[in-house]
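Colleague: What follows is each chain in one-letter form.
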Amino acid sequence: MKTNIKYIIYFICYVSLLSVSACSNLKEEVFSDITEDTYKYEPGDANKIVGAIYTNLRGYLGFYAMFAQEICTDESVQPANAAGWDDGGVFRRMHLHSWTSEQTHVGDLWNLHYTGVLLANRVIQRLQDESFPLASTENRQTLIAETRALRAFHYWQIVDNWGNAPLVTEPTNDLPANASKKDIYDFIVSELTDCMGNLPEKKDASNYGRFTIWAAKALLANVYLNAVVYSGTAQWEECITQCNDILNSGVYQLDANYLDPFKAKNEVSKENIFVIPFDQIYAKGFFYFMATLHSSNQKTYNLEVSPWGPGAFKAVPQFINTYDNDDQRLTDTWLSGPQFGADGSTLVGAYDLINQPLIFLNSMPDGIFTGEADGYRWKKYEIPMGSKENLNNDYVVFRLGQVYMMKAECLLRSGQADAAAEIVTLVRQRAFKNTNPQKATVTGTELQQPSKYVYGTVENYVLTPQGKSYPEQFGRFYDELGWEFAGEMTRRRDMIRFGHYTKAEWLSHKPNGDYRSVFPIPQLVIDANPKLKQNDGYTQ
Amino acid sequence: MNKLLRKFGSQPIFYQFFRKMKLTILIVTVSILSCFSAETYSQNTKLTIAENNSTLLNVLKAIEAQSEFKFFYNEKVDVNKEVSVEVTQKSVTEILDKVLSNSSIKYKVLGRQIALYDKDEMEPFIAEQQGKKVTGKVTDAKGATLPGVSVIVKGTTNGVSTDNDGFYSIPNIPENATLQFSFVGMKAQEIFIGNKTTINILLNDESIGLDDVVVVGYGTQRKGELTSSVSSVKSADFIKGAVQDAAQLLKGKVAGLHVIQPNGDPTSTSQIILRGVGTLKSGTSPLVIIDGVPGDLNTVAPEDIESMDVVKDGSAAAIYGTRGNNGVIFITTKKVRGDMPLSVEVSSYITTQKIKKKLDMMNATQYRELVKQGKPGAIDYGYDTDWLDLVTQIPVSTVTNASLKGGNTKSNYIANINFKSDEGIIKTSDNKVITTRLEVNQNMWNDLLKLNLNIMGREQTYHTLGEGSSFREDIYKNALANIPTDRPKDDNGKWVEHPIIYEYMNALALLEETIGQNKSTQLRTFGSATLTPIDHFFIKALYARTTYNQTRGYSESKNHISTIRDGKNGYASKGSNYRAENLLEITSQYRAQIGGNVFTGLVGYSYQDIQKEDDYMQNWDFPSDDYTYNNMGAGAAILRGEAVISSYKMKSTLIGIFARVNYNYKSKYLASFSMRHEGSSKFGADNKWGNFPAASLGWSLNKEGFLKEFKFINNLKLRVGFGVTGTEPNDPYISLGRLTSNSNFQSSQNTWIPTLKPSSNANPDLRWETKEEWNIGVDYGFLDNRISGGIDYYLRKTKDMLWDYQVAMPPYLYSSIVANAGTMANKGIEVNVGFIPIQTKNIQWSSRINYSTNKNKIVSLSNDKFQLQSGYIDAGFLGSTIKQGTHRLFEGGEVGNFYGFKTIDIDSEGKWIIEGKDGKPKPIGEQLPDDKQVIGNGLPKHFLSWDNSITYKKFDLNITMRGAFDYQILNLPRLYYECPVNLANGNLMATAFEPKFGKTVLSDQQELQYVSYFIENGDFWKIDNVTIGYTLSLKHYSIEKLRLYASGSNLFTITGYSGIDPEMNTAGLDPGIDSRNRYPSTRSFTFGALITF
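In the order they appear, the protein sequences are chains A and B. All you need for my numbering is the position in the first sequence, starting with 1, plus 44. All you need for my numbering is the position in the second sequence, starting with 1, plus 10.
Every clue listed holds true.
Here are some chain B residues pointing at chain A (derived, C-beta under 8 Å): (1) Ile389; (2) Leu749; (3) Leu938; (4) Ala994.
Think about it this way: if two alpha-carbon atoms lie no more than 16 Å apart in a straight line, the pair counts; the simulated EDC-like pairs of lysine to aspartate or glutamate are: (5) B:Lys659 / A:Asp77; (6) A:Lys343 / B:Asp576; (7) A:Lys343 / B:Glu507; (8) B:Lys661 / B:Asp619; (9) B:Lys622 / A:Glu72; (10) A:Lys50 / B:Asp457; (11) B:Lys661 / B:Glu623; (12) B:Lys129 / B:Asp88; (13) A:Lys432 / B:Glu652; (14) B:Lys661 / A:Glu72; (15) A:Lys432 / A:Asp323; (16) B:Lys930 / B:Asp915; (17) A:Lys71 / B:Asp696; (18) B:Lys893 / A:Glu146; (19) B:Lys661 / A:Asp77; (20) A:Lys432 / B:Asp631; (21) B:Lys661 / A:Glu73; (22) B:Lys721 / B:Glu85; (23) B:Lys893 / A:Asp152; (24) B:Lys893 / B:Glu513; (25) A:Lys71 / B:Asp619; (26) B:Lys659 / A:Glu72; (27) B:Lys568 / A:Glu348; (28) B:Lys244 / B:Asp150.
Keep in mind the hints are simulated off the structure, nothing from the lab. Bear in mind that the values here come from a model prediction, so they are computed numbers and not experimental data. Glycine included, every Cβ here is placed at the ideal spot set by N, Cα and C.
Kindly produce the complete structure, drawing on both the sequences and the hints.
Modeller: Shown next, in the form of structure tokens:
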């Protein structure tokens, strides 16, 4: 029995030892993640932190976010097609202005811009309280100014898309209420004015794709141009001032050709002021052609991928009809007519025109359901031969052409039509230089003529004109904006500023309420924040 | 003579043993065994009794209180008879002689058991009779000999017990007599002797025996003493035939447990739902404990399992705290019990399968009709191809299992090896598994210490048709959609592809231009040491380590669509996965008996850590296809920075301290209390620990005096229990603020640097999700347990549900956060009735019906921390061209609700008319998201199964039927292939051009929509498994037992559902979707043999 007791004691000691060694430590062991508590910031990391806000901006070209600014306008449409594709009607609702607060486009846009704002708030605070060291080449004030300008850009998009929305300017966990359109507008103007002095004036490789003083001025000019929409008070003079600063700086020039700013290697463009850099390896996400081209067009460009189905992002035929035939911007911007492979072979259809020659026509039965050949396709950004799914082109947000046209519009609206016409003529020259250079010239009187756009609805290929010309003022200048900036995400803003976004009819679209000049706050956001008030008119 | 014995005191095992036996048997046994049994105890034990003017009962009680004697008697014995006795230091026989003098009551002493009987009743049978002699041998269903079986001549006390080799010999048997065989835990049998002199008999397990030991958390319990809902299924009752994993052995066997094989993929594993969906984020799989160690159902060979115990209710699962939310399944592998000579058992079976049903896709002739009609998208390439036929095969699968066991109570071993080679009906799909197990038990230090060592290994290899997955879903989808007038290869032997059609691929080329293999090995080593320093007390230490290694390789040749369409020029990927688990558990139990009160106390400590690693690399643009995936560096894409590499590693820890007390008073009043205090590294710093208490009570009514008159009641027990269990999320780091550096930023032209930003909304308040469960049940057994079963009602409430809740952005950086909020309730009833309709000499038919129903309700999706104002969560997502959620969970609703447009009609152009929000019809083109409504539910509300086992002489027949009722299925093949517009994307079903709503053919321009027209009722009744077997003994060839059987699974289905199989995926929050990619389910036919040497 004695031996047994000894054994028992051994056993119990051993077991106790086991439990002690296992202990009760529940601290997380982290291996393939970086945690905020343990990460040690080093000089140079500021770029990584600020850079994260810029990379978020690539979402601007997100499938829904990008088209949200286009397919709700008189310029383009994304109808269901012969492949049976409809995605639950979300694109149709953008065309019909019948979107709801659950619209995917709206939610994606909101997430894109508030992510930018929230990241910026965090970064500005950290830069201000010096929570990480800077590299010798970095300047704290420049970084703060740059981040504030970037945040102002997001707030511009927010005020433009929603009007009344939360204005959050520092990190917090408190639920915000709506700020008024005017408050957000004032914030943007004061932020940009305030930080302008700390932004770099020199355009060089180190600030490519980042906010320089010129990018900030182009942004501020845009804000002033639309000030009447945001604040009720026009700011034409202030807009002209900002434009002049850029124009007079000599930093930028119009590129020789209309498509130069959109080339695959457009970092050499002299015209581009602010771009979102993309790269087929490092910065993926620019693959607009997957949605606009027909899958057969794979052969046109010898693409490594096949575009999605028959392609859906198309020009509204009524818009195409406004172009002058000699305007090179028509063929530069839109893909039309018989389609060929790179080797010259005739491309064929795969759906309703299976094995028949594929010819993109400027006609549509309506804006609801189209065949694979219906409609021109947007192709403004160069698609180099043999492209992979992601392009190298950098997306142009602000370019000098835009600055010219903003100045022209302000002059026109300030009663200086001839001065405006001079600028418009300047911008038009490259569009006609190879066809009919005389046609480049426009006069102040012309700019005040009605638009060439025939508004009205289309059913079974038949247009029933609305019998009214839009916009009510400066119609021809409005047309100029369309030809110059088609697909550059300006159309919605232009239509609202010119006043017919919620009044005109095109294709299958009919007016569906003035309140639709802003989007509803996404339902999921409203639901999660009882302090928020939905925009007027949206019941949900 | 069929009278039950009653008794005092309680020494459960003996009590149960004798309670089963009829008085005559007892006396016979006593008479026989008393010859050899040492009478020392009865003579040496001296007792002092002073019972004046008392009853016989009190005297017996006094003796029992002072000694280890137990008394047995029947109602002929009048224990209330008045007696007086006063003795000091007398032996029991002296006392009994004194008390029973002048009485007709006689007694017999067997060791510590004493039987009292009435002389007039019993003596005639004890008297000797003249007759012939019968001999024979008794074995169990597995062919093992059974010692100690009672064999008596019916209606007499003439009987014997079998010897150590299972042999018996009874003399003096009259003509026309019948022998009765009975043994604990076995079904009693009666055999008419006739003119036979040798009767060998096989006794079957009696699964409803109250003596059965069932496995519960950290121990075992006798079924009779359970206070919670536990279902035990022995190997004899398992589903026979081809099974994919252990879970399928239980199909239809346990009320409330639903085992579904969602597709026919040979590598797929079963889905299990126990008592509905109780959690949102952590799935529905129960905790599986294999021989005391947590594991996966597919890691143990089904042929190596002795029994499975399913713990359904929370009061029993709570001892496992956090992992017990979905119940617990205990798997006990085959064991050696008692002395066992070397036994070798080999079983083997071969299976083939056939597609359950082919969808009615158009053949070339039907399709050509559409070409003639000029339907958009239809084209005649001039050939006639049955694509499904091209990608399918007649599969042959085999399983061979061999086991070896032997030893004695001190030292024994068991070794098992299992080879499984499966093929699927889709060409190339297969699964090869080798599972081995070795278990050694050794007692030492005079049985003070028991050592147990186990090694389980598993190696699995299968071809992959998809990247990392056994099956590429496009293959089946395209086999349906490929155009029947087309051909697989052109005249030059090149694959015919049409890359311009969206998502359209040559199904056969997908299959043949792919080479891939997944290989994995798992090793589980565990052992325990149990020290028993004094009676009824032990300390046990268990350590287990499980490691899993997987390597994956996958490649696509230059003739694959990935090159033809996507320019890859040969593609390959490779990955590996590693997982290691350590488990240390120390438990200690003490059992004390004070009078009729029995206490069992358990305390324990448990430590578990889990580590996971995974890496993956891909590359393309290879110089040659010959490398497949074996020379990853040979491709050019990685050099160009195009290919992806990724890896991760994570670790989590779970620590628990637990205690349990079981109490019973004379097996009549039962109670159990337990508590687990558990901590997980996955929660916020202040919320790591949680408490999981449980309590349950039981009352064996049949042991009460007021029921003793009802002799047909063998068992009647009421149970009530309450328990709290928990769930932890999968990702171990959700509560931490993490940074991601995934996207690159152009810091100066062409210099790309990684960026840093928070990767999610961290939730430092993350805490346990808990489930509270009430269970009220009754167990019953009537008419000699020919009718038996149980009824349970449960109410489970899950609180602080973990989910990715939508939060306001701003202020949150991301629009969702993993948080605790919301409450969900499940309530239901489970009924099982077992009955034995026929029990004769040659035929025995036993039958069991299981019914269960469950009602789920999402009570709330908010709590004090998070308010989900919208009150809903969307789930399920239809990809390609529809892009919508299919299910919605909302407060007051239930999990599994389909949420979409309700089609009520079709217009003259062939476009859908839906019911608008206001209840009025509207064209589908004017749909708004809020026109959607609940259009069905994918989770069955009622399950019914009927299991039959019939033996006739050496034949046995098992038939299992199952059904699920009151649920709907979203028939996606119809949604896609029954819409003419989809002709542009390939072939359609022959029904595509039939009028919808009996009115109009769907328009060529009606785009695809998620509408209720394609939601069908899923109700079904299946003859799921039929097995017929024949068992014979071939002693001359040294074969103990040979069993041959044939089996069919998923044989016949009665259903209104038009798809392949109404048995549907029930996992996740989007149950009931019949995907058009689903590996088709099959009907299988098996032939097998089992040989015991």
